[in-house]
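Q: Sequence:
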Amino acid sequence: PQSSEISDSYILTKRKSKTEKSKGGRPKMPIWDDYSEGEEDGHGHYGANCHYCDKGRWQRGKPSVMEAHLALHCKGPVPEDIRKKWLIEVAKRGEKANNDKDDDVPIGKKVKTVNQSITSHYRPVNMLSSQQSADITKALLKAF
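Numbering (this note's numbering), first residue to last: 46 to 189.
Misleading hints may appear alongside valid ones.
In silico DSSO-like cross-links for lysine-lysine, where the CA-CA straight-line distance does not exceed 30 angstroms [to be verified]:
| no. | residue 1 | residue 2 |
| --- | --- | --- |
| 1 | LYS107 | LYS120 |
| 2 | LYS73 | LYS130 |
| 3 | LYS73 | LYS100 |
| 4 | LYS120 | LYS130 |
| 5 | LYS137 | LYS120 |
| 6 | LYS137 | LYS107 |
| 7 | LYS137 | LYS100 |
| 8 | LYS120 | LYS73 |
| 9 | LYS129 | LYS73 |
| 10 | LYS100 | LYS120 |
| 11 | LYS129 | LYS100 |
| 12 | LYS130 | LYS100 |
| 13 | LYS107 | LYS130 |
| 14 | LYS107 | LYS73 |
| 15 | LYS73 | LYS137 |
| 16 | LYS107 | LYS129 |
Quick list of simulated restraints, FRET-style, between CB atoms [unchecked claim]:
| no. | residue 1 | residue 2 | range |
| --- | --- | --- | --- |
| 17 | LYS100 | GLY69 | 27 to 35 angstroms |
| 18 | ASP86 | ASP180 | 25 to 33 angstroms |
| 19 | GLY83 | ILE133 | 20 to 28 angstroms |
The hints are simulated quantities; they were obtained by calculation from the structure and are not laboratory data.
Idealized CB from N, CA, C, for every residue including glycine.
Throw the hints in and build the complete structure from the sequences for me.
A: And the structure:
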């Protein structure tokens, strides 16, 4: 009888743990601790509502925007440690963007920048042959 009780409790525990498992997918980023989840847009993304003010509302919560809001724009009573935490994250992201220069890219991967203007697609008039010049003149005379 005891082994039966053990197996029954084991089965119940297994069933319970299966139903309590998360839905799967990528875990929420830490910024969501300071926002409430809004409605799902049908594609696995959710709206976001700031816990500290009424201005921080988005139909689709983007972590970088949410972090910047708490660090720089939120007029609500954001605790200083939370504001500082997100300010550091925003600063790190900005620093990383500033460090990503062309010098860091291998030479074979650099994108060549060419100053182009509309005139770079045409040849100067003095480069036309006499035949080309005659053909252009003839075409212009026919047009008028």
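Q: Give a verdict on every hint.
A: These are the hints, each one checked on the structure:
Under the criterion of a C-alpha separation no larger than 30 angstroms, the hint pairing LYS107 with LYS120 is consistent with the structure, at around 19 angstroms. Annotation: proposed proximity of LYS73 to LYS130 holds, straight-line Cα distance about 17 angstroms (limit 30 angstroms). A threshold of 30 angstroms between alpha carbons decides the hint, and for LYS73 with LYS100 the separation of about 22 angstroms falls inside it, so the pair holds. Straight-line distance between C-alpha atoms of LYS120 and LYS130 comes to about 16 angstroms, which keeps the hinted pair within the 30 angstroms bound.
Between LYS137 and LYS120 the CA atoms are separated by roughly 22 angstroms; this keeps the pair inside 30 angstroms, and the hint holds. Using a Cα cut-off of 30 angstroms, the hinted pair LYS137 and LYS107 holds, with the two alpha carbons roughly 17 angstroms apart. Pair hint LYS137 plus LYS100 holds up; C-alpha atoms about 25 angstroms apart against a cutoff of 30 angstroms. Restraint check for LYS120 and LYS73: the C-alpha separation of about 25 angstroms stays at or below 30 angstroms, so the hint holds.
For the proposed pair LYS129 and LYS73, the alpha carbon gap of about 20 angstroms is at most 30 angstroms, so the pair holds. Note on LYS100 and LYS120: the hinted pairing holds, with a Cα-Cα distance of about 8 angstroms set against a maximum of 30 angstroms. Pair hint LYS129 plus LYS100 holds up; C-alpha atoms about 20 angstroms apart against a cutoff of 30 angstroms. For the given pair, LYS130 sits about 20 angstroms from LYS100 by alpha-carbon distance, which is consistent with the 30 angstroms threshold.
Between LYS107 and LYS130 the CA atoms are separated by roughly 17 angstroms; this keeps the pair inside 30 angstroms, and the hint holds. At most 30 angstroms may separate the alpha-carbon atoms for a hinted pair to count; LYS107 and LYS73 meet this at roughly 11 angstroms. With a C-alpha separation of about 20 angstroms, the suggested pairing of LYS73 with LYS137 holds against the 30 angstroms cut-off. Only pairs whose Cα atoms come within 30 angstroms are accepted, and LYS107 paired with LYS129 is accepted, the gap being roughly 19 angstroms.
Checked against the given bound of 27 to 35 angstroms, the beta carbons of LYS100 and GLY69, roughly 33 angstroms apart, stay inside it. Range check, ASP86 to ASP180: about 60 angstroms between beta-carbon atoms, so the 25 to 33 angstroms window is missed. Checking the proposed 20 to 28 angstroms range against GLY83 and ILE133 shows it holds: the Cβ atoms sit about 26 angstroms from each other.
Violation of the numbered hints given earlier is confined to hint 18; every other hint is satisfied by the structure.
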